[in-house]
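Note that my numbering gives residue 140 to position 140 of the sequence shown, counting from 1, and the numbers run on in steps of one.
These are computed hints drawn from the structure, not numbers from a lab.
Honestly, I wouldn't trust all of these hints.
[Said to hold, decoys possible] Label-pair restraints from in silico Cβ distances:
{"id": "1", "residue 1": "Gly20", "residue 2": "Asp127", "range": "17 to 23 Å"}
{"id": "2", "residue 1": "Gln176", "residue 2": "Lys110", "range": "30 to 36 Å"}
{"id": "3", "residue 1": "Asp77", "residue 2": "Glu157", "range": "29 to 35 Å"}
{"id": "4", "residue 1": "Val109", "residue 2": "Gln51", "range": "27 to 33 Å"}
[As the list claims (entries may be wrong)] Capping the alpha-carbon separation at 35 Å, the derived lysine-lysine pairs in DSBU-like fashion look like this:
{"id": "5", "residue 1": "Lys50", "residue 2": "Lys95"}
{"id": "6", "residue 1": "Lys175", "residue 2": "Lys136"}
{"id": "7", "residue 1": "Lys158", "residue 2": "Lys147"}
{"id": "8", "residue 1": "Lys50", "residue 2": "Lys136"}
{"id": "9", "residue 1": "Lys158", "residue 2": "Lys112"}
{"id": "10", "residue 1": "Lys110", "residue 2": "Lys13"}
{"id": "11", "residue 1": "Lys158", "residue 2": "Lys110"}
{"id": "12", "residue 1": "Lys13", "residue 2": "Lys50"}
{"id": "13", "residue 1": "Lys175", "residue 2": "Lys112"}
{"id": "14", "residue 1": "Lys13", "residue 2": "Lys95"}
{"id": "15", "residue 1": "Lys110", "residue 2": "Lys50"}
{"id": "16", "residue 1": "Lys136", "residue 2": "Lys147"}
{"id": "17", "residue 1": "Lys112", "residue 2": "Lys136"}
{"id": "18", "residue 1": "Lys136", "residue 2": "Lys156"}
{"id": "19", "residue 1": "Lys156", "residue 2": "Lys110"}
{"id": "20", "residue 1": "Lys147", "residue 2": "Lys112"}
{"id": "21", "residue 1": "Lys95", "residue 2": "Lys156"}
{"id": "22", "residue 1": "Lys147", "residue 2": "Lys13"}
{"id": "23", "residue 1": "Lys158", "residue 2": "Lys136"}
{"id": "24", "residue 1": "Lys175", "residue 2": "Lys13"}
{"id": "25", "residue 1": "Lys175", "residue 2": "Lys156"}
Even glycine gets a Cβ: it sits at the ideal position worked out from N, Cα and C.
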Amino acid sequence: MPGKGVPSVRDYKLCIMGDGSVGKSCLTVQYTHGRFLDYYDPTIEDTYRKQVDVDDVLYNLEILDTAGQEQFAAMRDMYMRHGMGFVLVYSITEKSSIQGLIGLRNNIVKFKDTEDIPMVIVGNKSDLEDRRAVSKEEGQIQAREWKAEFFEASAKEKINVNEIFTRLIQLIREKQDRNNPPSNKNECICSIL
Numbered sequence: 001m002p003g004k005g006v007p008s009v010r011d012y013k014l015c016i017m018g019d020g021s022v023g024k025s026c027l028t029v030q031y032t033h034g035r036f037l038d039y040y041d042p043t044i045e046d047t048y049r050k051q052v053d054v055d056d057v058l059y060n061l062e063i064l065d066t067a068g069q070e071q072f073a074a075m076r077d078m079y080m081r082h083g084m085g086f087v088l089v090y091s092i093t094e095k096s097s098i099q100g101l102i103g104l105r106n107n108i109v110k111f112k113d114t115e116d117i118p119m120v121i122v123g124n125k126s127d128l129e130d131r132r133a134v135s136k137e138e139g140q141i142q143a144r145e146w147k148a149e150f151f152e153a154s155a156k157e158k159i160n161v162n163e164i165f166t167r168l169i170q171l172i173r174e175k176q177d178r179n180n181p182p183s184n185k186n187e188c189i190c191s192i193l
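Given these sequences and hints, build the entire structure.
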């Protein structure tokens, strides 16, 4: 237990998933290092670390940036088992990329054996409005169906990048609080008649 004045630190494992070339690495690098990757280098697996303060609590984040290619599906299964929260990313410029999230989400539910999963759905590349193939409403509908949060984002323009990860941290904490309510042993409920 930390001493007085020393904040506790929580360790959270986050997974960012989606099809190849939707911008998972760009979002992650923008969040962790504050820069945009202007080239495409297919990811096999990268882990990023960042310490953040959210709502006056410190979090050590381990963010696993997963491969979008199908040949790495076995690795993705491992991430699904260990992840505490998930960012599912599609590109607003590729209709098939939002459809690709369905299988990912179903597998996460299967591995977690629950539908109560901290999850954020992200329509990335919102700066490419002139090439839009997925409406904002389609993303919102999918997120509502899965009881997930929704953001449109641009890693390039740094739009909603911090907000995505902040909200995911809050969702994980809310789930932990639901599953581990504070003990009421020392509470006294008194009524005066």
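Evaluation of the provided hints:
1. Gly20 to Asp127: 17 to 23 Å: Once the Cβ atoms are compared, 19 Å apart, the range 17 to 23 Å for Asp127 and Gly20 holds.
2. Gln176 to Lys110: 30 to 36 Å: 22 Å, violated
3. Asp77 to Glu157: 29 to 35 Å: 33 Å, holds
4. Val109 to Gln51: 27 to 33 Å: The hint (27 to 33 Å, Cβ to Cβ) holds, given that Val109 and Gln51 are roughly 30 Å apart.
5. Lys50 to Lys95: Since the Cα atoms of Lys50 and Lys95 sit roughly 32 Å apart, the hinted pair holds (cutoff 35 Å).
6. Lys175 to Lys136: 27 Å, holds
7. Lys158 to Lys147: 25 Å, holds
8. Lys50 to Lys136: Judged against 35 Å, a Cα distance of about 29 Å means the pair holds.
9. Lys158 to Lys112: 31 Å, holds
10. Lys110 to Lys13: Within the cut-off at roughly 18 Å; holds.
11. Lys158 to Lys110: With a Cα-Cα distance of about 33 Å, the restraint between Lys158 and Lys110 holds, given a limit of 35 Å.
12. Lys13 to Lys50: Holds, at roughly 11 Å.
13. Lys175 to Lys112: 13 Å, holds
14. Lys13 to Lys95: 29 Å, holds
15. Lys110 to Lys50: Satisfied, since the Cα-Cα distance of roughly 29 Å is no more than 35 Å.
16. Lys136 to Lys147: Given that 35 Å is the threshold and the Cα spacing comes to 16 Å, the pair holds.
17. Lys112 to Lys136: 28 Å, holds
18. Lys136 to Lys156: 18 Å, holds
19. Lys156 to Lys110: 33 Å, holds
20. Lys147 to Lys112: 15 Å, holds
21. Lys95 to Lys156: This hinted pair holds, its Cα atoms lying about 20 Å apart.
22. Lys147 to Lys13: 20 Å, holds
23. Lys158 to Lys136: 18 Å, holds
24. Lys175 to Lys13: Roughly 14 Å separates the two Cα atoms, so the pair holds.
25. Lys175 to Lys156: The given pair, whose Cα atoms are some 31 Å apart, holds under the 35 Å limit.
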